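Residue numbers (our numbering), protein chains in the order written: chain U, 1 to 962; chain D, 1 to 506.
Derived by calculation from the structure, the hints in this document are not laboratory data.
Any given hint could turn out to be false.
Stated by the list, open to error - Derived DSS-like pairs: lysine-lysine, alpha-carbon spacing no greater than 25 Å straight-line:
1) U:K446 with U:K348
2) U:K931 with U:K242
3) D:K9 with U:K440
4) U:K679 with D:K174
5) D:K272 with D:K359
6) D:K460 with D:K235
7) U:K484 with U:K29
8) U:K502 with D:K3
9) U:K856 with D:K475
10) U:K63 with U:K8
11) U:K467 with D:K9
12) U:K856 with U:K890
13) D:K342 with U:K856
14) D:K9 with U:K502
Unchecked claim - Computed spacing ranges between beta-carbons, pair by pair:
15) D:D22 with U:N798: 53 to 61 Å
16) D:N12 with U:I261: 56 to 64 Å
17) D:K174 with U:D273: 56 to 64 Å
18) D:S464 with U:N798: 21 to 29 Å
19) U:E791 with D:K478: 15 to 23 Å
20) U:N798 with D:K174: 30 to 38 Å
21) U:E791 with D:K178: 40 to 48 Å
22) U:Y420 with D:R128: 54 to 62 Å
23) D:K478 with U:T257: 28 to 36 Å
24) U:H270 with D:N305: 26 to 34 Å
25) U:I802 with D:D22: 50 to 58 Å
Every value quoted in this text rests on a predicted model; they were computed, and no experiment measured them.
Glycine is no exception: its CB is placed at the ideal position from the N, C-alpha and C atoms.
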Amino acid sequence: QTGSIIGKVLDEHDLPLPGATIIVEGSGKATQTDADGNYKINSVVFGNVSVTARFVGYNSMTKKGMVSNQPLKLDFELLPNNKSLEEVVVIGYGSVNRKDLTGSVSTVSSKDFQKGTITTPDQLIQGKVAGVSITSNGGNPGASATIRIRGGASLNASNDPLIVVDGNPLSGDEIKGVSNVLSLINPNDIETFTILKDANATAIYGSRASNGVILITTKKGSNGKPQVNFSTNNSIATIAKKVDILSSDQIREYVHTNGTINQIELLGNHNTDWQDIIFREAFTTDNNLSISGSIKTIPYRISTGYINQNGVLLTDNMQRGVAGLNLSPKLFDQHLKIDLNVKGSLSKSHFGDHGAMGAAISFDPTQPVLSIGNGFGDYFEWLSGNVPNPNTPRNPLGLLEQRENIGKTQRSFGNLQLDYSLHFLPELHVNFNFGYDVAKGKGYTKISEHAASNYSTRGFYQDYGNKLDNYFVEGYLNYTKDIKEINSNINAVVGYGYYDNKSTFYNYKSFNALGGILSTPNFDFDVPQNRLLSYYGRLIYTLSNKYIVSGTLRADGSSKFSEDSRWGYFPSAAFTWRINQEGFLQGQSSISDLKLRLSYGETGNKDGIANYSYIPNYYLTTGESQYQIGDTFYQTYTPISYDAELKWETTQTYNAGIDYGFLDNRITGSIDAYIKKTKDLLAVVEIPVGTNFNNQILTNVGNMENKGIEVNLNFEAIKKNNLTWNVGVNGAYNDNKVTNLSLVGDNTVPQSARNATGGTGNSIQYHSVGYSPFAFYVYKQVYDTNGKPLEGLYEDLNGDGIINTNDMYLYKSPVPKCILGFNTSLTVNKLTFTTVLRANIGNYIYDNIGSNLGTKRNIISPSGNINNAGTDVYNTNFTVNQYNSDYYVKNASFLKMDNLGVSYAFGSLIKGINSNLSVAANCQNVFVISKYKGVDPENFTGIDYTLYPRPRTFTLGVNFQF
Amino acid sequence: CNKDLLNLKPTNDITADEVYKDLDGYKRAFVKIYASFALTGGGGAGSGDLGGIDAGQSDFLRLYWNIQQLTSDETLCAWNDPGIPDMNFGMPASDNVMIKGLYARSIYQITLANEFLRESTEAKLNSRNIPAADREKIAQFRTEARFLRAYQYWILIDLFGNPIFVTEDNVISKNAPKQIFRADLFAYIESELLEIQNELADPKTNEYGRADKAVAWTLLAKLYLNAEVYLGKGKGKYTEAVTYAKKVIDAGYQLAPIYKNLFLIDNNVTSKSEIIFTINYDGEKSQNFGGTTFIINSLINADMNPGSYGVPSGGWGGNRAVSLLPTLFNTADKRAMFYGDKADNEEYSLFTDGLAITKFKNMSSTGTAGASHDGTFSSLDFPLMRLADVYLMYAEAILRGGTGVPQGDALIYFNKVRERAYGNTSGNLTTVSLDDILDERSRELYFEGYRRTDLIRFEKFTGSNYLWPWKGGLKEGKAIESFRTLLPIPSSEIIANPNITPNPGY
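Given these sequences and hints, build the entire structure.
Structure (structure tokens):
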């Protein structure tokens with residue numbers, strides 16, 4: 001005889017929790033709650049049962065009862081848990097329960113995401129994960145971000161982590177017409193981020209995993225009747241801080257004091273704040289609608305969104321429309337699981353000329369914005385005779401308004417995953433995954449014929465565009481078996497993967513504004529392509545639920561290397577001890593989880609380098625690079641430098657970690673220590689001249705080391721029905737240094753890595769053995785008794801009586817030693833307060849605004865004009881630029897409040913219909929505390945010139961679901 | 001199957017066999033060796049053949065010109081870019097970017113020549129079925145490739161003394177080449193030039209821009225005139241210098257009638273009789289920020305009406321005269337082309353402290369501007385070798401003891417140069433000394449990239465017997481050490497190549 005179980009699952013606000021899983025223990029029966037949080041399970045055999053309700057991010061709860069003729073009613077009230085041990089964590093080619101994890105893995109689920117105006121997925125987890133640094137590359141709409149997991153492992157190859165969306169590994173290739181490929185993924189579709197950090201976790205991704213892996217899982221459909229979710233976020237962004245430059249009166253005073261009569265005559269009588277002219281308060285609206293439910297037995301979720309974001313820089317704008325579909329039916333008695341994901345997006349952007357920001361801080365504030373009738377579109381310009389003076393900045397407003405740069409992109413990516421558990425051997429799963437990522441971007445740049453910036457060519461017009469065609473096929477077998485007799489569990493995977501990444505770049509003629517041809521490309525297009533073939537396997541063996549041993553091996557063959565060095569083999573091994581399962585800790589109620597993890601693994605890297613660097617080839621020079629012999633101009637054939645022996649860069653990672661949970665997992669967290677050693681670095685280095693067609697080539701040279709410690713702690717400080725308070729803290733220390741950088745012998749001489757703006761070839765950052773990559777290489781400034789720097793006077797560090805380049809030294813680096821994150825949420829009844837703070841410690845920044853503009857020769861220019869400069873010029877009083885003084889290297893440690901928000905959940909407003917309305921107000925980029933006086937101490941490159949200001953944003957959001 | 005899946009080829013780049021499939025391909029690879037004189041790279045003005053140096057300053061002429069001029073008593077650069085102040089003072093260090101750049105550029109051109117020689121052997125021509133009719137032309141290309149290689153080895157022997165040595169026998173590999181020492185390199189350059197001189201085209205018969213016999217003879221004259229510098233005191237080869245200078249003089253060249261036309265864009269017409277060898281530029285088709293674009297723009301400032309120099313968007317305000325240079329000129333000397341009102345070089349970093357030079361223009365003799373893509377690039381072909389220099393070398397070699405010609409030729413040819421400068425014989429001298437030659441070389445060849453070599457040959461570059469403003473880093477001038485007659489081997493090379501011993505003193 002059978003009966004049924006019914007009930008309802010509510011969350012901490014007593015709101016229905018749709019999509020929660022209900023399992024009748026030991027019966028194999030399970031279901032999910034519908035949109036109202038209700039569930040019903042039929043055909044349960046009479047008798048005592050225990051029923052468990054589970055939901056991602058919540059503590060699961062088990063209740064007992066007896067099934068009889070009357071339906072058994074069991075209601076659940078789940079409380080959120082930062083780290084549920086039973087939570088299923090995706091690990092690449094499968095998933096495991098959190099308690100069985102053997103690698104260093106962090107997850108962030110949607111309830112913990114950053115709030116407010118979020119336009120790209122990476123912004124969701126900023127500051128949330130120990131050892132993961134996410135630095136936006138500016139505040140422009142859809143700006144890209146630089147993501148580093150445990151520092152960078154490479155010099156010239158990619159340092160970006162692999163991003164996998166629902167099993168679809170994205171190529172990361174550029175798409176024209178959009179500033180960030182990730183911005184084409186709707187943040188609202190994302191359910192969880194899983195970050196794989198150590199080699200045991202990442203080695204299954206082999207060659208692509210040296211820089212860590214970010215697995216993104218998108219939201220899926222749920223059983224039950226349709227649930228509709230609509231949200232709208234509307235925000236105003238303002239620039240938080242302007243560059244501190246001289247006012248018009250200060251410029252007048254400076255020129256009167258230091259200039260000649262002729263120079264004083266150049267001054268205007270206006271008071272123009274050029275930064276006010278080019279920046280604005282920018283409005284953004286972001287609207288999302290999703291419906292999920294199931295049609296018969298097919299769960300579905302469809303979503304759509306539209307965002308229209310203005311940049312704080314005039315004319316900057318991004319519009320994006322997105323749509324997504326997920327179908328996740330389970331057929332044949334749940335033996336065949338199908339997961340279909342299709343996402344599409346359209347975007348249209350207008351890119352303002354970011355050069356206007358540099359012009360705005362250097363343009364003379366005593367001049368007017370407009371000069372009617374001057375022939376340059378009425379924008380005031382410095383002239384030399386009747387043409388624009390070539391050595392002066394151009395009118396900042398003119399740069400913006402006389403240029404049109406519109407980019408449009410279309411992108412779709414998706415995959416179909418089939419997981420079949422054999423009827424006769426259900427422990428064995430056959431999994432196929434087919435996916436694609438295709439995109440098309442195009443746009444044009446058009447500059448007016450009257451624009452002073454393009455005076456000599458009479459304007460400019462050029463199309464641009466490219467296309468991505470990425471496809472992959474993966475297939476694997478997964479065998480999972482509990483062997484009760486020996487108290488063991490085996491989880492084995494073997495698989496194959498094929499990945500084809502192809503781009504097509506179109507080359508277009510350029511014209512002036514009148515249609516005259518300026519340049520003609522040699523080839524209409526180029527099709528860089530690379531392929532990867534992979535075989536992989538993993539075995540996880542668990543004994544007595546206490547001891548877990550796992551090993552992985554991946555073999556990767558890449559088209560980027562020659563047949564002889566094509567294949568890389570990447571093994572890993574790990575041992576995990578669940579200490580809390582040991583007898584001596586049983587009955588010890590305060591320790592709810594304690595796990596020791598030890599792992600070693602090797603991973604590879606071949607991303608970020610050109611596709612054909614091992615092949616000797618020639619290229620045809622362009623039409624601008626011809627040479628005249630006789631009366632004929634020749635496009636010449638030029639041999640390309642190459643390294644026939646190019647091979648994989650490999651990183652060995654040692655990791656030791658502890659996962660802990662105390663007081664019934666109210667306090668959870670982990671501590672990890674690691675050493676990452678990269679060898680055969682893919683780096684561009686000096687080679688003996690005459691051995692190749694360049695004095696530098698990309699080759700495998702040198703070693704690099706990252707050592708670090710990561711700690712994170714989550715604390716449910718208060719856990720009551722109407723009052724919860726959660727605190728999350730994470731911190732990471734990473735020490736990153738180059739340990740060898742030469743093909744022969746010892747090499748202690750720094751190699752130039754990045755230039756400062758200004759002059760020619762002013763390299764400021766260098767790679768050098770014993771130091772972080774991109775360390776500053778400078779002279780040691782001498783100061784007078786008042787602490788003012790003395791121009792051109794540096795310390796004779798080697799004591800040879802001469803000040804020359806032998807006295808330069810490596811001083812600090814832009815890489816922070818410590819990255820800290822803090823987040824907390826406090827819920828009182830229906831009101832929730834959240835905030836996220838981040839801090840970087842030990843990062844230094846080069847004040848390039850000061851070094852390039854803060855000189856007398858810049859303000860009173862020999863080119864016959866006046867320029868502006870930062871107020872730092874009052875401190876230095878330099879006459880000419882001293883680019884390589886360590887005076888300009890500044891401590892940029894900072895504490896930022898990223899986000900401060902409050903939300904109110906009204907709950908169901910309409911009688912009889914289960915619905916929820918919530919409103920939220922958020923401020924992003926609330927404050928920054930730093931000794932650094934520039935606009936923003938957070939700068940990935942460490943060279944502060946004209947970073948697009950990250951705005952302070954005020955968002956009002958409404959979310960309605962029914 | 002896997003192998004085929006993973007063997008991918010680029011779309012537009014091609015293999016050596018595809019390049020060298022016919023005469024046209026051979027020519028395009030051959031012209032690249034010449035193009036390396038003028039261009040920084042193959043993908044427009046911002047592209048570079050070399051690494052570790054700003055592309056714009058990585059061409060041959062800009063690097064060579066800077067080293068020859070800035071270290072001398074003629075030129076001061078106002079920019080504070082890395083390496084420039086040290087160069088102004090005559091004391092560049094081994095990590096100086098211009099030194100690294102020129103060393104790499106010279107050897108790059110040698111490597112291109114070597115590659116061409118490897119790909120044009122008899123065996124390769126056979127395997128590619130190149131028709132017999134085309135082989136004569138390819139043989140001519142080979143000879144000129146060897147000349148260009150010898151020319152760059154001359155640059156290296158003159159400036160660096162003891163560079164690495166690679167020929168077509170060194171294939172592309174990771175094997176570091178060996179160093180060659182000055183005397184051995186002298187012998188090599190000499191033997192190469194002597195061997196190819198008769199295989200080159202007769203003077204003035206080759207295509208414009210290509211080397212002929214007179215070009216090789218001019219280089220031999222330079223090599224021999226400086227032999228005492230390269231080989232040591234008492235090892236001069238002045239008779240040989242006289243011999244090869246005379247061969248050039250007898251080959252039918254004449255001084256161009258008007259001095260200033262040599263540095264205008266139609267110099268290939270107006271001064272054809274004088275110019276022996278050029279580096280060719282075009283402001284549309286050969287865009288780059290080096291070469292004559294650099295020379296013209298760096299010599300003028302934006303407030304000097306750049307449009308009248310054919311570069312309306314140019315004027316970089318960098319290089320101007322050391323105060324001694326204007327004093328060399330008599331007012332009747334038409335070669336003096338200065339601008340400005342302050343000759344004193346009070347501040348070396350201020351462009352207007354010193355007279356600007358208005359000698360080079362992207363303009364024709366009739367006043368039309370040359371092609372210029374963006375109002376900055378120049379179409380002025382640079383006269384790398386010209387007859388006036390050969391006359392002065394001839395005169396100098398005679399005065400230094402060269403024989404086989406009448407001694408009186410020294411004064412005759414010296415005065416020919418002055419006659420053109422004055423427009424008549426009023427400036428002629430009745431006797432000529434070596435010091436007269438050195439001064440005359442400055443008057444005739446100033447800002448053309450000769451000066452450092454000349455000062456070293458006359459033993460005035462180092463030491464304190466001759467000072468000029470900012471020599472050694474002081475306004476009034478200061479002695480610099482004698483080892484500085486050789487540039488340092490770049491530190492990047494010393495690190496990368498274990499076979500290299502640094503030059504003495506560095």
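**OP:** Given the range 26 to 34 Å, decide if the beta-carbon distance of U:H270 to D:N305 lies inside it.
**Re:** Because 27 Å falls inside the window, the suggested range holds.
**OP:** Return holds or violated for the Cβ distance of D:K174 and U:D273 against the range 56 to 64 Å.
**Re:** 57 Å, holds
Original post:
Hey, U:K502 versus D:K3, does the alpha-carbon distance stay inside 25 Å?
Top reply: 18 Å, holds
**OP:** Mind checking the alpha carbons of D:K272 and D:K359 for me, to see if they're no more than 25 Å apart?
**Re:** 18 Å, holds
Subject >> Pair hint outcome, U:K679 versus D:K174 [Cα-Cα no greater than 25 Å] >> reply: Answer holds: U:K679 to D:K174 is near 19 Å, not above 25 Å.
**OP:** Take a look at whether the Cβ-Cβ distance between D:D22 and U:N798 falls inside 53 to 61 Å.
**Re:** 58 Å, holds
Original post:
Within 25 Å, alpha carbon to alpha carbon, are D:K9 and U:K440?
Top reply: 23 Å, holds
**OP:** Mind checking the hinted window 56 to 64 Å against the Cβ distance between D:N12 and U:I261?
**Re:** 58 Å, holds
Original post:
Is it true that the C-beta distance of D:K478 to U:T257 lies inside 28 to 36 Å, as the hint says?
Top reply: Holds: the Cβ-Cβ distance is about 34 Å, inside 28 to 36 Å.
Original post:
Is the distance from the Cβ of U:N798 to the Cβ of D:K174 consistent with 30 to 38 Å?
Top reply: The hint (30 to 38 Å, Cβ to Cβ) holds, given that U:N798 and D:K174 are roughly 33 Å apart.
**OP:** Below or equal to 25 Å on CA atoms is what counts here, so check U:K63 against U:K8.
**Re:** Answer holds: U:K63 to U:K8 is near 13 Å, not above 25 Å.
**OP:** Take a look at whether the Cβ-Cβ distance between U:E791 and D:K178 falls inside 40 to 48 Å.
**Re:** 45 Å, holds
Hint compliance for this structure: no hint is broken.
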